Amino acid sequence: MIDQSPAIILLAPFLLAILLALLGIKREWLCFPLVITGLAISVAASVVTLMRVIDEGTIQYLFGGWEPPFGINLRVDGLNALVALAVSTVSLLTAIYSKRAVPAETSDKVSQFYTLYLLSVTGLLGIVLTGDAFNLYVLIEISALTSYALIGMGSKRATLAAYKYLIMGTIGASFYLLGVGYLYIKTGSLNMYDIQEQIVANDLLGSPTILVAFILIMVGVWIKMAFFPLHAWLPNSYTFGPSTTSTLLGPLVTKVMIYVMIRMILTVFSPEFAFDQLDWSNIIVWMSVIAILAASISALAQTSLQKMLAFLIIAEVGYMVGGVWLADEMGIVGSIYHIIADAFMTLCVFLFAGIIFTKTGRRDLSAMEGLFTKMPLTMVGFLVGAFSLIGIPPTAGFFSKWYLIQGGISSGHYEYVAALLISSLINAVLFFRIIEIAYFGTKPAEGHGHHHEEERKDGPTEASFSMLFPLLITAALLIGIGLYNQEVVAIITDFVSQFNIGATIL
Amino acid sequence: MELLEALSAKFNYWIYVIIMMIGLYAMISKNNLVKKLIGMSIFQTAIILFYVSIGVKEGDTIPILYHDQVHPSHGDSHHEADTGHGEDHHPSHEEIVANLHIEPDDFANPLPHVLMLTAIVVGVATLGVGLALTQKIYRDFGSIEENEILESIKSAK
Amino acid sequence: MPSSITSFTPVLASLVSLLAVLPIVLLGKKPNLREGATFLAAFIKFGLVVSMLPTILAGSTIEFTVWEIVPNLAIAFRVDGLGMLFGLVASSLWIVTSLYSIGYMRGLKEHSQTRFFTFFAISLSATIGVAFAANLFTLYLFYEMLSLATYPLVTHHQDKEARTGGRTYLTYLLSTSIGFVLPALIFVYVKTGSSMEFSSSGFLSGHITASEALILLLLFTFGFAKSGLMPFHSWLPGAMVAPTPVSALLHAVAVVKVGVFCILRVFTGVFGTDYLQDLDIATVVAWIAAFTIVVSSLIALTQDNLKRRLAFSTVGQLSYIILGAALLSDRAVTGSMTHIAMHAVGKITLFMCAGAIFVATGKKYISQMDGLGRKMPITFAAFSIGALSVIGLPPTGGLISKFYLVTGAMDAGQSALLLIFLISTILNAAYLLPIGYRAFFPKDPELAKQPFSWKTTEEANWQCITPLSITAVLAIILFIKPQFLLQLAGLMVGANG
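Chains as they are written, first to last, in my numbering: chain A, -13 to 492; chain B, 8 to 164; chain C, 1394 to 1890.
Rather than coming from a laboratory, the hints here were simulated on the basis of the structure. Please note that the accuracy of each hint is not assured.
Here are the simulated lysine-lysine pairs, DSS-like style, with alpha carbons at most 27 Å apart [unchecked claim]:
1) K95(A) to K143(B)
2) K150(A) to K161(B)
3) K172(A) to K64(B)
4) K95(A) to K85(A)
These stretches of chain C come out as covered by chain A in the derived footprint (C-beta under 8 Å, 3 or more residues) [what the hints assert, rightly or not]:
5) 1454 to 1466
6) 1531 to 1545
7) 1568 to 1574
8) 1600 to 1607
Since this is a predicted model, take the numbers as computed values, not measurements. Cβ atoms here follow ideal geometry from the backbone N, Cα and C, with glycine treated the same way.
Turn these sequences into a full structure, and let the hints guide you.
Written as structure tokens, this is what we have:
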């Protein structure tokens, strides 16, 4: 069983999706338990896999017993073990949240929603775990198609947003596919690790085909991760869809795509190619600086909470793309750590947004008036997420900024450092605006203490347990990942150091 | 001269590039949602053509083995044996493979074909989802022209 | 090399008030018990700090590493002369202020008192954390914690003014700490690869170039905006929307002192006075501080709102401390450190008097306070003593620190700055003395004719009067017996020299 653990991560949600599809329509009460079971198994398998990777190093799982490069394999090393764990945990927490949200927002399609939910998670996990480039395309499309549908289940505007996402997402995935095609022409292989061996063996680093393949793959992945200016599909999709969808997709999809970019750079094309051969670092770092600033400033202009958060996601993508392209070991470590930290930070604030929407039915910022007294626990959870996005210790967000800034300074890209700091300050403004609204409320306080009892009675009450529990767990995780960042970073550094990045540049 | 050479030697790539651009153009600039989806299909078809075309070799044939090629020594007698007489000798897989005398160069590369079967399925599924979304948009907004839909959103605000 | 002892006491000293939060919250409905929890925590904290005093005076340090949180960087505590000095000031004055807070909050029947006392306790935890931080990282951690923990205190009244004041407060503090200190911090970490522990001769020399040093120095100096150095001082008068106990402790003692303390630490422990002298870059800071002193004193003259006048006075006084640090000579640095204590005691007296006046009479403006001395003799007597300490006149402790600052300036060869000291002393007197004088000897003959008798006084309640009297007396005591303060400062300077 232990040997099967990488496959179980994928198969548990997949098989349970099928089960759900068959049984769930008639017996709606079964949906929630099945979802939780599937995802819980997946989380457990991810933990086991991570332990195995720490012990044994990279592990492989061969589907059907076919050896690569002929067979499709799952290849799990330090990088994707961590990301897989993050993805499955986020999915599980969102699923717990969805217990009330899904019946409330998509009441007539509960079982269909959950089926798609599980399939989407399967797709995302598959992207993270697979070792085959074409298989990656298929899984990208699986997760994409299910997300289009998940988003489309929302309000009127959601359908249009889902449609636009479909168009743009297909362009992105198709570019990726094209890139893989070029790689196949030159290397004759589809297995990620094998492709690199072929490139090295046949001395293809300077080949224009490989260059075109790289460009196509990069652009494709950039579209799918909403790297500015290819981000147009994201804000509307994550604002108008059902809150569960945004809570699932927001933290995960873009981060998984960044993982794909890192995987392509490190494992498929090799850092020598991406950083030495191409020497694009400066341009792409500047692009990410613009991405970070443009997205942060756009976030300032929003009046809807979820749209603001959507733009923050785009800014965070800028952090990570810039961090990778600094071509500095610390920068890449910081980006990978940020994938995990950001998944949970984004989850935290999206859970909060979902709770607010459920309790007040409103999406605008002023819905949060006076919430510190009415929903104290929810606000505490939100505060942790907000502090993490601003970068206040000891939350995880502070440490990922720490490592990214370290990478920026040691690679001499001070513009990147400046962009990070400015966006931290903009985030501070964004979140303190909300904190202010929540703290001050509508009525100026009188001189007597007992007024607060009266205020409690009208307006929203504290969130229900199924929504509050994941929020507080996420907040705790954010602090835990922050305090224990050394352990996580050790795993990441182990993985990254094998590539000797920066040694060749200096 | 060189340009002509380049064009004719790699004409398959040029064709697919042109088709891809047509599809891309449709996706981006057309207003009608269904036309955009058609553009998307065209776009994906171009990629499929590209993949298939890279598997082609000079003077090759389709990558399917005929019965004769798999069981060369048996010929007609094997056909009759198949109709019910329990032959006592069914060659094992390893034996068949060992006895195969085929040149890989004679056949087009089957791997891209297989990959594209998957891609075609993905394309069909995407098209399906796209059309379903278009239908829902039509139900909600009463139009499948993008500019009209955006107008109605603005006026509804 | 001073010997060091490992002990959990410094950590405990910081944690005590954090632990007190739980009982404070739980006892929210029972005010006397709740305040009892605050007092208990304050006394324990003070006791813990004092318990470490003998060890420090003997020349050792006390250390404790809590957690290595980033490779080679730990959250660690270390108590030395400077830390002990600040720790004593903060913890002792918390006791006094707690009593005062009770009087003030109950006198005005303020709302949300539980929240008030909770965040007060958390702020003190952060303050002691800064005092006993062993390295730059821990210092930064607690610095940020303090900014956040004091926000609910500053905005306590939750009205429109509080909102604006709170916004100014956070904007200035967070943008400077995240925008200046954090990159400087990480830059130091990257360039030195060290644990960033404060050492007696700094640890930067040899790792960075001279121009980098100058940039870093400026980043740190302006980054610790709690020190009120211009032009990042505007949060201080803005924060006066807070209830007076908050203003008293936090802005006369804890928050602002944290700011200058951090600057002192960076100058002596990160750069090292020798290194700064070699590079000769500290003069820039000295002149900025001098500018701040003069300009803030001039602005103070124009303020009619008592608390605002005191706020601008604080800005100026803080820059004395920065100036002393920037002068780099032994006596200047000593004067700087001693002034932390002297100013704290003097200023807190002044603020508590301002609050007492408001509680008793509802008056906020100096122009309203003519002749009030007859009605509130104790308050205004204490006020006058506090004023003397801030101006730097005998028989108050302020004279001692000013003496060292002035002689330190002469040691450093910066005689031009003596002029600044003289001008600012005159200005200080100009904006502080008249308040007390006119309270007792009003111009208006009508008011002057009122007879004085102890029976007709209208002082604020005893919980307000007692603390301000204690601190006023303390100001005088520190004049008579400043030795232990000088000793503590000497430990830091001696190691440097």
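Output the numbers, in ascending order, of every earlier hint that fails for this structure. Violated hint (a single one): 8; every other hint is consistent with the structure.
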